[in-house]
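Peer 1: The primary structure of each chain is shown beneath.
There are 2 protein chains.
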Amino acid sequence: MQKYSRNSRISAITKLLIENPNKIMSLNYFSEILNAAKSTISEDILVIREVLESLEMGRVETIAGATGGVRFIAAMGEKEEKAFKTGLCEMLRDRSRIVPGNFLYITDIMLDPTIVHRAGVVLASKFAKSKADYVITVETKGIPLAYEVARYLGVPLIVARKNSKVTEGTSVTINYVSGTTGRLQNMGLAKRTLKSSSKCLFIDDFLRAGGTVNGIADLLNEFDSELIGIGVLVDNKEVTKKLPTPYTSLVDYHGVNAEGEVIVEGSTN
Amino acid sequence: MQKYSRNSRISAITKLLIENPNKIMSLNYFSEILNAAKSTISEDILVIREVLESLEMGRVETIAGATGGVRFIAAMGEKEEKAFKTGLCEMLRDRSRIVPGNFLYITDIMLDPTIVHRAGVVLASKFAKSKADYVITVETKGIPLAYEVARYLGVPLIVARKNSKVTEGTSVTINYVSGTTGRLQNMGLAKRTLKSSSKCLFIDDFLRAGGTVNGIADLLNEFDSELIGIGVLVDNKEVTKKLPTPYTSLVDYHGVNAEGEVIVEGSTN
Numbered sequence: 001m002q003k004y005s006r007n008s009r010i011s012a013i014t015k016l017l018i019e020n021p022n023k024i025m026s027l028n029y030f031s032e033i034l035n036a037a038k039s040t041i042s043e044d045i046l047v048i049r050e051v052l053e054s055l056e057m058g059r060v061e062t063i064a065g066a067t068g069g070v071r072f073i074a075a076m077g078e079k080e081e082k083a084f085k086t087g088l089c090e091m092l093r094d095r096s097r098i099v100p101g102n103f104l105y106i107t108d109i110m111l112d113p114t115i116v117h118r119a120g121v122v123l124a125s126k127f128a129k130s131k132a133d134y135v136i137t138v139e140t141k142g143i144p145l146a147y148e149v150a151r152y153l154g155v156p157l158i159v160a161r162k163n164s165k166v167t168e169g170t171s172v173t174i175n176y177v178s179g180t181t182g183r184l185q186n187m188g189l190a191k192r193t194l195k196s197s198s199k200c201l202f203i204d205d206f207l208r209a210g211g212t213v214n215g216i217a218d219l220l221n222e223f224d225s226e227l228i229g230i231g232v233l234v235d236n237k238e239v240t241k242k243l244p245t246p247y248t249s250l251v252d253y254h255g256v257n258a259e260g261e262v263i264v265e266g267s268t269n
Numbered sequence: 001m002q003k004y005s006r007n008s009r010i011s012a013i014t015k016l017l018i019e020n021p022n023k024i025m026s027l028n029y030f031s032e033i034l035n036a037a038k039s040t041i042s043e044d045i046l047v048i049r050e051v052l053e054s055l056e057m058g059r060v061e062t063i064a065g066a067t068g069g070v071r072f073i074a075a076m077g078e079k080e081e082k083a084f085k086t087g088l089c090e091m092l093r094d095r096s097r098i099v100p101g102n103f104l105y106i107t108d109i110m111l112d113p114t115i116v117h118r119a120g121v122v123l124a125s126k127f128a129k130s131k132a133d134y135v136i137t138v139e140t141k142g143i144p145l146a147y148e149v150a151r152y153l154g155v156p157l158i159v160a161r162k163n164s165k166v167t168e169g170t171s172v173t174i175n176y177v178s179g180t181t182g183r184l185q186n187m188g189l190a191k192r193t194l195k196s197s198s199k200c201l202f203i204d205d206f207l208r209a210g211g212t213v214n215g216i217a218d219l220l221n222e223f224d225s226e227l228i229g230i231g232v233l234v235d236n237k238e239v240t241k242k243l244p245t246p247y248t249s250l251v252d253y254h255g256v257n258a259e260g261e262v263i264v265e266g267s268t269n
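Here the protein sequences come in this chain order: S and Z. Residue numbering for the first sequence is 1 to 269, as defined by full-length UniProt numbering. Residue numbering for the second sequence is 1 to 269, as defined by full-length UniProt numbering.
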């Protein structure tokens, strides 16, 4: 079997760690793939840990014990995070984003992998210690971002549906008042989706008064489960919120002013 | 400014390449971040290219010229792809997946990042040379997979909506016959979603007779754009297809037999 140089092993281990965020990977696993002693792999990982830390590209943690190993925790440096938020604000200030009804068009942003990917790193890093079992969102626009956060936290995603589907079996459905439309809506989750006594993080594109969030909390209650955190891309600061748990956001939105300018700034929460 | 060892640079460059799939990254970019000469970076990249190729973990391509640089192309080795498909089939054979109406419950699979991530690599690698401008899907279940394919191809995602939304401005809507329900449905895309004359790949969870695919092709026509490829996780082999363009899938589904067994096998297309 082929032997690899330290350089080569470091490249391969970096790739495997980064592609399996928040998953504990045993030294044996790397040892087998790369045909090298565990002590050698250990030294390789030390190099990776140091450079990623020095460049603020995330953390490599060691977990001791029989089921131990190493895992990669995604994170973004403070300076890069600030620049990313500033860039987001610049995009959002484009007046052509204002659509009839004074809504802000952000679908393109929520579907652009280069943005969603980085937004996912930022939100996941805020919840790195949350011990969430699932990330939950409601269809449709927040799904890619929620998926990225779930991927970085190494947990499955759950999507509450606005119309229960024939292909999902028995569902639990609840009513809630949507902040966008002011109307009574319903959303549901297939019964088999969720283990009971789960801790869930809610991720979405836009946070307004919290109608949807409270709906999600109620829905999770029906599964004896709990909403433990909220993360969104844009926080609408124009409305007073009533939320069951604290939240974090990337951008604060203060509406459109008399000159027709979109007022946004990077969030500091 | 700090200097880094070759080992350290290789770890950092590997991470940056892998996190920006199919994006051309200039040597200058790495040179600045890592405070090293371009010739040194070039040698680092050679090591990365060789080990990733040797371990069948994807390709690093060099693009010559003024706008040149290197890019990472995601790919999975033949053996790993086969094992991944076999694992998928085992999951699908679980009889509790059969829900009333003889549908197969695959929502959990379509929302599990560890599976979607790898399925995304496989599908993206089949379309690596397609020069697609966008990946398109229709809400809801296929969104994470379509997002991953878009991310690996370095293009934006588009999601056709079954109900046009107030926050998206003017939409184009078309009618189509859904293969699942046999009913006339409609789906739409906001006018601002798509540049005209675009080439699009359709990615979804399940492919049946092709009603949805033909609807997508019609919708793209309205934007003077073209459907150039189709990729799905599960191909339902029970129905005759009428498709506007060839497709690729990961798993072939042959229905449920008289003993109530789910008949699936890895696709070979």
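Keep in mind that the hints were calculated from the coordinates and are not lab data. Be aware that one or more of the hints could be misleading.
Identical copies look the same in the list; a pair holds intra-copy or inter-copy alike.
[Said to hold, decoys possible] Derived EDC-like pairs: lysine to aspartate or glutamate, alpha-carbon spacing no greater than 16 Å straight-line: (1) 162 - 139; (2) 3 - 53; (3) 23 - 112; (4) 129 - 112; (5) 82 - 139; (6) 195 - 112; (7) 3 - 50; (8) 199 - 224; (9) 199 - 19; (10) 3 - 112; (11) 23 - 168; (12) 162 - 265; (13) 195 - 108; (14) 129 - 108.
Peer 1: Please list, smallest to largest, the hint numbers that this structure does not respect.
Peer 2: Numbers 4, 5, 9, 10, 11, 12, 14 - these are the hints that the structure violates, sorted from lowest upward.
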